[in-house]
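From first to last, the protein sequence lines stand for chains A and B.
In terms of my numbering, the first sequence has 82 at position 82, counting the first letter as 1, and numbering is strictly consecutive.
In terms of my numbering, the second sequence has 101 at position 101, counting the first letter as 1, and numbering is strictly consecutive.
Note that these hints are calculated values from the structure, not bench results.
By construction, the Cβ of each residue, glycine as well, lies at the ideal position given by its N, Cα and C atoms.
Please note that the accuracy of each hint is not assured.
Using C-beta positions, here's what the derived DEER-type ranges look like [stated by the list, open to error]:
#: 1; chain 1: A; residue 1: F112; chain 2: B; residue 2: F20; range: 24 to 32 Å
#: 2; chain 1: B; residue 1: T123; chain 2: A; residue 2: F112; range: 35 to 43 Å
#: 3; chain 1: B; residue 1: G316; chain 2: A; residue 2: R108; range: 22 to 30 Å
#: 4; chain 1: A; residue 1: W264; chain 2: B; residue 2: F20; range: 52 to 60 Å
#: 5; chain 1: B; residue 1: G15; chain 2: A; residue 2: R267; range: 46 to 54 Å
#: 6; chain 1: B; residue 1: P83; chain 2: A; residue 2: E122; range: 34 to 42 Å
#: 7; chain 1: A; residue 1: W264; chain 2: B; residue 2: T206; range: 41 to 49 Å
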Amino acid sequence: MSGESTRARTWRWLREHAVNIVAGLVVLYLLIPIAVIFVFSFNNPAGRYNYTWVGFTLEHWAHAFGREDLTEALLTSLKLALLATVISTSVGTMMALALVRHKFFGRRAANFLIVIPMATPEVVMGAALLSFFLILGSPSLGFETLLIAHVMFCISFVVVVVRSRLIGFDRSLEEAAKDLGATAFTTFRLITLPLILPGIFGGAMLAFALSIDDFVISNFNSGTTVTFPLYIFGAAQRGIPVEVNVIAMILFFATVSAMGFVTWQQRRAEKMASVRPDQEEIVVVPA
Amino acid sequence: MAAAQDQDSNVVLHGVTKRFDEFVAVDDLSLELARGEFFTLLGPSGCGKTTTLRMIAGFERPSEGEIRIEGEDVATLPPHKRPTNTVFQSYALFPHLSVEANVAFGLKRKKVAKDEIAERVATELRRVGLAADANRRPSQLSGGMQQRVALARALVNLPKVLLLDEPLGALDLKLRKGLQVELKRIQREVGITFVYVTHDQEEALTMSDRIAVMNRGRVEQVDVPEEIYARPTTTFVAGFIGVSNLMPATVSGPGKVKLDSGLEVAASTGALAAGEGCAAVVRPEKLRIGLSGETEAAGDGLPRVEGVVESSVYLGTATQIVVNLGGDVRMTVLVPNADEAERQRLPGGGAKVVLSWEPDHMHVVTESVGGDSADPEPALSTNQEG
Chain A
1 MSGESTRART WRWLREHAVN IVAGLVVLYL LIPIAVIFVF SFNNPAGRYN
51 YTWVGFTLEH WAHAFGREDL TEALLTSLKL ALLATVISTS VGTMMALALV
101 RHKFFGRRAA NFLIVIPMAT PEVVMGAALL SFFLILGSPS LGFETLLIAH
151 VMFCISFVVV VVRSRLIGFD RSLEEAAKDL GATAFTTFRL ITLPLILPGI
201 FGGAMLAFAL SIDDFVISNF NSGTTVTFPL YIFGAAQRGI PVEVNVIAMI
251 LFFATVSAMG FVTWQQRRAE KMASVRPDQE EIVVVPA
Chain B
1 MAAAQDQDSN VVLHGVTKRF DEFVAVDDLS LELARGEFFT LLGPSGCGKT
51 TTLRMIAGFE RPSEGEIRIE GEDVATLPPH KRPTNTVFQS YALFPHLSVE
101 ANVAFGLKRK KVAKDEIAER VATELRRVGL AADANRRPSQ LSGGMQQRVA
151 LARALVNLPK VLLLDEPLGA LDLKLRKGLQ VELKRIQREV GITFVYVTHD
201 QEEALTMSDR IAVMNRGRVE QVDVPEEIYA RPTTTFVAGF IGVSNLMPAT
251 VSGPGKVKLD SGLEVAASTG ALAAGEGCAA VVRPEKLRIG LSGETEAAGD
301 GLPRVEGVVE SSVYLGTATQ IVVNLGGDVR MTVLVPNADE AERQRLPGGG
351 AKVVLSWEPD HMHVVTESVG GDSADPEPAL STNQEG
């Protein structure tokens, strides 16, 4: 019993928990940068540079939207992300429906081509879009071109997410609705849509997250319009104001809670549609 | 005559054919179902029974032929305009709606008044014993309960025909037995025509008023369960219902067949002409077995064939003996285990035996088109056959 030395025991413990330890280190690695941003959002820097810890203050949280140019960039980004999300989610959902539900010439090709924007390097896509807009001549670079670009790279993600939801869809549910007297449209409204909604919602969340933090493609196509990421990039050369940390954290927490909500929704939906239990006792029903 | 039949018939299928590209799922099918009848389509997977059901429901459009419900040609009507409702194999309950909302779904589409919906849904849930579960979600129910919800959801609409696609297939044996009885009771109570699809011959025999045995897209025989079992008309039906006990034979003259063993027996040969190949069926429980010497001495004058016992299996209530008549012909004999001493005397493996039967218990069946295999090619897809 007591033959095992302390050292041997330590080693055994490490061996047994090696995977957990590595996992813990990886999580730390992922979270430390975010933690630094969070901590420095309470900093009270002496000069322009928010790189060294000076003292704790809630000043910047209290006046998060005090800088007009920063707030304006944030509003532009929010507006852009919202519009891009709405457009790409509706178009992407319809596209996913077409790809899964309908047989048409070129469906296999379309199914493959849809992932190409996801695989293309952003720099290439940004440059391509820029030359495309320049060749066309209109619209001139600005909010419109940003919107077109953002919708473009968001659609693929929406299609992929909604498509996976549709592939697992039990078509007999739709047949059952029609059998019970529902028209095709009513069936879609009352059965199909509610059941794929978690997928659509997940796709929309992803689109929003991609749009709000896009820098590379936006940098090519923004003209004089400044979005939140573009503002930060510009500010980095002069010293990033602490308000950026604050707003970044607000965005971060909003995104994390939205993601949590989507995950919870999807879990619930899966549980709802889960396989029925296979064992049970006979219930005698009075005649 | 046709008009008079139409009056009593609830569903008429006439010359219905369904092709999926090259594959003929249903081949020139004609059926007439009486009002209030429990009618079963029985056959192995891939025989076209589910496709037939789906054509009545409107999920598939027949390539040829007509389908009439209460005299109205429905072949071109979409499912939501047909006076039919379906209980799906997978139940297809709407997972995001409560039990009550599931059952109310059909009535809401018909714009029935709210009070009436509530009342009819409650009545239907009481009928299937789920009154207390109205507010639960389908995933919170057991398989048997889900099946009842599916039944209530269909029946509450008072369809002219209720279509059931292997509704008990996913349940375990004990529960299935209980629900068979209950389903039959409900059918009598509501008086609606049931079209029931199953591959389970016992289930079909237990519940049906009439059975259509299907094979390779065709109907082999339509009759009441007793006749299907006792007097099959084709080798396929004889094989699919119960144990296949077929002795190859040839029609030797009007009302006479000659078994391949050489024995000539009187039997109803129907429309078969002399010289035609056929098979003679005797059900396992109708066969008598004795050791070669003993029975001959009995001199009872019954038709008899000789064979060798291949195996003898104790089944509890009975003993099952397989006898090889030679030439790959095997007959199964079922002897009730009424008396232990008698059971001990039954011939064992390798014994030479004589099988005999009452002439009434032998039936001549025709060879089924395309063989009598009860295990044909698998279904093309789950959409066509489940």
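Item to check | Hints not upheld, ascending by number | outcome: 2, 3, 4 and 6
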